[in-house]
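Residue numbers (my numbering), protein chains in the order written: chain A, 100 to 477; chain B, 100 to 477.
Heads up, some of the hints might be wrong.
Any copy, or any two copies together, can satisfy a pair, since identical chains are not distinguished.
Claimed, not checked - Straight-line C-alpha distance at most 30 Å; calculated DSS-like pairs for lysine-lysine:
| no. | residue 1 | residue 2 |
| --- | --- | --- |
| 1 | LYS341 | LYS438 |
| 2 | LYS342 | LYS438 |
| 3 | LYS174 | LYS373 |
| 4 | LYS130 | LYS193 |
| 5 | LYS430 | LYS341 |
| 6 | LYS430 | LYS342 |
For the record, the hints were derived by calculation from the structure and aren't laboratory data. Computed from a predicted structure; not experimentally measured.
Protein chains: 2
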Amino acid sequence: MKKDDHSVGLVTPKNIFFAEPPNEFQLESGKKLGPINIRYETYGVLNVDRSNAILLLHAFSGDAHAAGYLSETDKTPGWWDAMVGPGKAFDTDKYFLICSNIIGGCQGSTGPSSINPQTGKPYALSFPLITINDMVLTQNELLNHLGISELFAVAGGSMGGMQALEWSVYFPEKVRSAIILASTARMTAQGIAFNALSRNAIMSDFRWQNGNYYGKEIPARGLAIARMAGHITYLSDEAMHKKFGRRLQSREEYGYDFSNEFEVESYLQYQGDKFVERFDANSYIYISKAMDYFDLGARFGGLNEAFAGTRAKFLVVSYSSDWLYPSYQSKEIVFTLTKNRKDVSYIEINCPYGHDSFLLETDRQSSIISSFLGGIRG
Amino acid sequence: MKKDDHSVGLVTPKNIFFAEPPNEFQLESGKKLGPINIRYETYGVLNVDRSNAILLLHAFSGDAHAAGYLSETDKTPGWWDAMVGPGKAFDTDKYFLICSNIIGGCQGSTGPSSINPQTGKPYALSFPLITINDMVLTQNELLNHLGISELFAVAGGSMGGMQALEWSVYFPEKVRSAIILASTARMTAQGIAFNALSRNAIMSDFRWQNGNYYGKEIPARGLAIARMAGHITYLSDEAMHKKFGRRLQSREEYGYDFSNEFEVESYLQYQGDKFVERFDANSYIYISKAMDYFDLGARFGGLNEAFAGTRAKFLVVSYSSDWLYPSYQSKEIVFTLTKNRKDVSYIEINCPYGHDSFLLETDRQSSIISSFLGGIRG
């Protein structure tokens, strides 16, 4: 744990449990699920009139641990630590921040690796398919548990931005503002294609065994390849060029063999192998499907109609080098909100880091978010 | 075989054999290889002074069969049939066209699936690594065999463009003009990353067996995944949106399962499965490495120095939606040639098809290439 005046310090993850049978949770697919456990963390203090709560929504491989440290010896803080703490963009001196692991995940909340109480074994593929709407509805259960009926803001990047959008249209009366970073109102064919590629890599690993690998050898190669594909899409051509170029890994000349000769190969292998230690392969395929299904306007007959009932103020941020959710996709959100005479601020940040910018470009993001939140009436 | 006045009609592939031991072929890696077989086709007639030969250079998964039909019942013509024939861009009434399968390939030329005469078994990974320069030097053997000492033009797209560039700097005295489509002077980190992803997919398939799958079950899943990754990079975001959007495959509503629900998934699966029937997995990993190694300027101390000795007139064409070899990479070639006071024409074609444009955008390409070739002194 690093000493830092702006750190939230030590945090303790908590859990809620709900949807005990027969009161199972109704999923968007029509399937039912229960009981459900949602892992969450909070930072800062809920004020007396319960009006300062902000829900932070994590991206694909994120978790409930957005900020601070889990123990005195923990070396790495939460995934958005640069943005959450005293005096930071999500200022814990002002706001009560909540972050929970999504349903279908593998970092504390109920997902395919959880034990199915009916069988005593992990769900594996008997786990029902989930959607972004299911994530939001289970987060709403958490808010009910915490006694929070209105959110000062919802905020997230990438798949977190999809959840923030879904919150703003599904619970318009509960959301005062929404911060959408590096995200989209619907998955495009190219996005689905990359997810399909990753699922294929996992499901083609013979260790995957139709999802029943728990307690046995895991489909590590397939999952690592999926993560490699992910990392290629998270970085930009320019970022990769600056970070690696054509530099060789620990050698001066081509080896003319099939080892990881180039630094970029070594990097991808490392990212893939590291990911396998912390992420469940089945969660990967479930979450990727939830993203593929995401089409904010579909339920309403169009994006225009979807936004008609929202009451939130919006902040939409895109990043010039993000080619996974390029700026034109953010602009579609902004254009449609504007057409609906909704209050929306839009900024395209010019930076080379690609899709990962919402995790890296924290300085400029912070001043934008601080000032946006400062303009929301308390 | 379709009736078409502008078809080259029936063609017969031919072969040359060279580098019989002990006169083995010296590869760029330092390794030796022999004997070597190069499969090729020709279209049109070589003129008396042997000055009208154009070498067509194929891309990653291409072959010697650039135009025409292999039999009376053949339904699909060669890969660049729209460009090669009487009155077409590569006009067989004027030019003698040659196209050969690259060394390392699997469509008639010596590659990892060929029988190693020393063992009587396929080379598999005992095949030496090859480079773009090796492709060019073996093509030069073919020209020697045909008695051609000077090429009216070299022309290719993608990896074919890399070979055309290599021809122009390695054999400056032999190349009068070079047509470089949708290509690059060096593989970028992002390009290497995609190739590494594909190699990983193949080599992670347990059927790959360290390359020794010949006569057994082939690594079909891994090779199909590699091809899927390829196809994602060959199409643009816009092309995928237009071609597939979010349309579902043979259904009206989400099925909430892991089948290929979206059309784009089905398309990728189909392309992957079809590819496996015609392409060798080891050839895939060898050819991808040859591309990774490609850095035209490296041998000369820089791209500027590489181009210093070229005598060719250049035509460089890039495509606005090609994100695998984006226009800035073509512009670097053009800029460096211009700095060297070389004769270069450059056109960026505005079209949505992505990298595949050089195979699809044949109308506009044809008029550009015809007029370029018309300006080369006979």
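Each hint tested on the structure:
1. In this assembly of identical chains, LYS341 and LYS438 lie within 30 Å of each other by CA distance solely across copies; the values are 25 Å between and 40 Å within a copy.
2. In the homo-oligomer, the alpha carbons of LYS342 and LYS438 lie at most 30 Å apart only across protomers (28 Å), although the nearest pairing inside one protomer, at 41 Å, exceeds that limit.
3. Taking the shortest alpha-carbon separations for LYS174 and LYS373, only the intra-copy value of 16 Å comes in at or below 30 Å, while the best inter-copy value is 49 Å.
4. In this assembly of identical chains, the alpha carbons of LYS130 and LYS193 never lie at most 30 Å apart, being 40 Å within a copy and 68 Å across copies at closest.
5. Proximity of LYS430 to LYS341 under the C-alpha cut-off of 30 Å is found in both arrangements, the shortest distances being 28 Å within a copy and 19 Å between copies.
6. Proximity of LYS430 to LYS342 under the C-alpha cut-off of 30 Å is found in both arrangements, the shortest distances being 29 Å within a copy and 22 Å between copies.
Violated hint: 4 only; the structure is consistent with all others.
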